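Protein sequence lines, in the order shown, are assigned to chains L and E.
Basically the working numbering = 1-based index in the first sequence + 235.
Basically the working numbering = 1-based index in the second sequence + 532.
I should point out that these hints are in silico values taken from the structure, not numbers from a laboratory.
If you're wondering where the values come from, they're calculated on a predicted model, not measured in any experiment.
Do not rely on the hints blindly, as some may be mistaken.
[Claimed, not checked] In silico SDA-like links for lysine to any residue, alpha-carbon gap of 20 Å or less: (1) E:547 with E:564; (2) E:622 with L:409; (3) L:362 with L:401; (4) E:622 with L:361; (5) L:343 with E:648; (6) L:362 with E:624; (7) L:343 with E:542; (8) L:362 with E:626; (9) L:402 with E:604; (10) E:592 with L:424; (11) L:362 with E:712; (12) E:622 with L:357; (13) E:547 with E:622; (14) E:592 with L:420; (15) L:362 with E:629; (16) L:343 with E:539; (17) L:402 with E:539; (18) L:343 with E:540; (19) L:402 with E:624.
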Amino acid sequence: MQLDSPPAPSAPSILETLPVPNLPTQDCPRRVRMDLDLLILAIESLDVAGSEALLKVSDQLGLQSVIPGRVKLWRIRSTNPMRRQNQRDPLSIAEAKALTIVICFLAKRLSVLMRQLLLGSQQLSDKQLAFDHHFRLADYLLRFRSLFRARMNPQRAGVIAYSTDEKLNELAISLLTRLLFCTGTQGPQRLWSSLFDGEVV
Amino acid sequence: MTVQRQYTLPNCNLKLEGLNTGDDTDPMAPLTVVLNSECIFPGTPHVLSGGREFLDALVKTVSDYAQSLLSGIPYPLPGEVSAAQPVVLKPGEHHRHHLMATVTAADGTATRQTLELNSVQLFDLVEAVDQLLADTLTLPDLTLQLSSLDRRHVRPAEPMAQRAVPAAVGLSTLAAAAALFFLPPVPEFEVQRRESEGASLSELVEQEAANLAEAEAPPDDSETATGDRAAGTDSDDDATVADPIAAGVALDRLATAAAITDTETLSELAAELEDSLADALDAEVAFEDDLIYRVAVSESGDILGYKYENDAALINVDSTPLPELTFISVDTTTTTDEPVAQFLVTFDEAGEVTAEPIDADELTDADSEE
Numbered sequence: 236m237q238l239d240s241p242p243a244p245s246a247p248s249i250l251e252t253l254p255v256p257n258l259p260t261q262d263c264p265r266r267v268r269m270d271l272d273l274l275i276l277a278i279e280s281l282d283v284a285g286s287e288a289l290l291k292v293s294d295q296l297g298l299q300s301v302i303p304g305r306v307k308l309w310r311i312r313s314t315n316p317m318r319r320q321n322q323r324d325p326l327s328i329a330e331a332k333a334l335t336i337v338i339c340f341l342a343k344r345l346s347v348l349m350r351q352l353l354l355g356s357q358q359l360s361d362k363q364l365a366f367d368h369h370f371r372l373a374d375y376l377l378r379f380r381s382l383f384r385a386r387m388n389p390q391r392a393g394v395i396a397y398s399t400d401e402k403l404n405e406l407a408i409s410l411l412t413r414l415l416f417c418t419g420t421q422g423p424q425r426l427w428s429s430l431f432d433g434e435v436v
Numbered sequence: 533m534t535v536q537r538q539y540t541l542p543n544c545n546l547k548l549e550g551l552n553t554g555d556d557t558d559p560m561a562p563l564t565v566v567l568n569s570e571c572i573f574p575g576t577p578h579v580l581s582g583g584r585e586f587l588d589a590l591v592k593t594v595s596d597y598a599q600s601l602l603s604g605i606p607y608p609l610p611g612e613v614s615a616a617q618p619v620v621l622k623p624g625e626h627h628r629h630h631l632m633a634t635v636t637a638a639d640g641t642a643t644r645q646t647l648e649l650n651s652v653q654l655f656d657l658v659e660a661v662d663q664l665l666a667d668t669l670t671l672p673d674l675t676l677q678l679s680s681l682d683r684r685h686v687r688p689a690e691p692m693a694q695r696a697v698p699a700a701v702g703l704s705t706l707a708a709a710a711a712l713f714f715l716p717p718v719p720e721f722e723v724q725r726r727e728s729e730g731a732s733l734s735e736l737v738e739q740e741a742a743n744l745a746e747a748e749a750p751p752d753d754s755e756t757a758t759g760d761r762a763a764g765t766d767s768d769d770d771a772t773v774a775d776p777i778a779a780g781v782a783l784d785r786l787a788t789a790a791a792i793t794d795t796e797t798l799s800e801l802a803a804e805l806e807d808s809l810a811d812a813l814d815a816e817v818a819f820e821d822d823l824i825y826r827v828a829v830s831e832s833g834d835i836l837g838y839k840y841e842n843d844a845a846l847i848n849v850d851s852t853p854l855p856e857l858t859f860i861s862v863d864t865t866t867t868t869d870e871p872v873a874q875f876l877v878t879f880d881e882a883g884e885v886t887a888e889p890i891d892a893d894e895l896t897d898a899d900s901e902e
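Isolated chain L (complex conformation):
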């Protein structure tokens, strides 16, 4: 049999490990877009080369067809409505799945550091000390705050809620906790399911 055109590229099989949520729309809801971008922002704050690593990992996992390069990655992340350069393009389910898998993969690499930071923050808040006393934690928080302020549109209602250092620190710690839960055996499934909590019908 002779074919005139190459076979249609099939979606990477790794994406099939995550179920398709029963959404009322075809695209990802607003909260999914925000959460995924913020989790990547937390990874970037933990690891300076986070976004590079993200591209490399997506190549390793065979996700080139979904995230072909840094421009596409930037466009996907800019679907976060909190961003300054917010893209009005929708975020497809396949793209969200790819990001979820990559986030969990990267989080697993950083799990030792995340445990240290979370234990440190717990100890400091138990003693009612500022986070500055933990050098590595203070570094993470500082980088998270500066990345957040550089990229998010301060006029947005969702961003105004994080106008102070304390609220941004709180957000950074809660993102760290969420990332830790992504590192587990069932991390991708748990993260994927949690993204659509309260969105499915």
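Given the coordinates of chain L, assemble chain E onto it according to the supplied hints.
Okay, now just chain E, sitting in the frame of chain L:
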């Protein structure tokens, strides 16, 4: 054969003891019956243990709690330990979590234990449960059951009572305003006055429009003999044009008015009219021809309108005192019910003024002839 499975994490050890159903020679046979399960948190004195029921409750509670922590949306979890729910997790302050469990000791006495876990300890507990769920050699019937929460589970940002406040305030304000509006008396509606005002306004506008149209129209001699014709023929003085027109219109307006028939009144009015016209007439003016006007006079002697009866009268109308003496009503088009007397007034060459009453019947005949 008794089999022990252990899931060891830095902050949590989960230990299961049970029986496998396969023959004793197969080390890979799955564990299917749980005799005892034990959850140990190294570094703390707490040991949670129980049978299959305890394990099932632990798995369900921990899994749901982990999901609510990940999504930030609270799952419908029981708040208190009960017989049906031996394991309960509740969020505490400063990123801490309270794990409460009813532990049944070997002698059958049940004790309640409460543990305070930090995020890392909780994660290790979740991870131990996840590893158990993922392990196909232990309890293959236990698998991870994840389903995203339905939309209706999402708690609204504000409680119902708070959201109802603006609507309630708005409704009560409306009710109060409505009650206040009943206090002032209902204003009396003056129908008569309003109607006349409205009519005069609209008629003024109509008249203005009609005047404009006629002023633009070319003079037409075949037009019926009304005062309006003066607008076409009289080109001497623009300022005085309005008077004959208005007066003529006024006379038309009086066409339907009741005629004064009493001869005594008529003669009195005629005399009065002659006197007033003769007094006002400029003595130096001399007419080449007789000027004949039809003049309408009210009962009180006011000249309500006049109309020329010959061409000389039309040309010389400004020399007569008629335009000055005529009472021109503001409302020129409305017919009046006031009784009027009509006279044929003649200014002769000698400057004499004579007024003769016109019979009402003759008048109507003359009009119809025109």
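Starting from the hint list further up, note which numbers the structure goes against and sort them upward.
Those not satisfied are hints 5, 11, 13 and 17.
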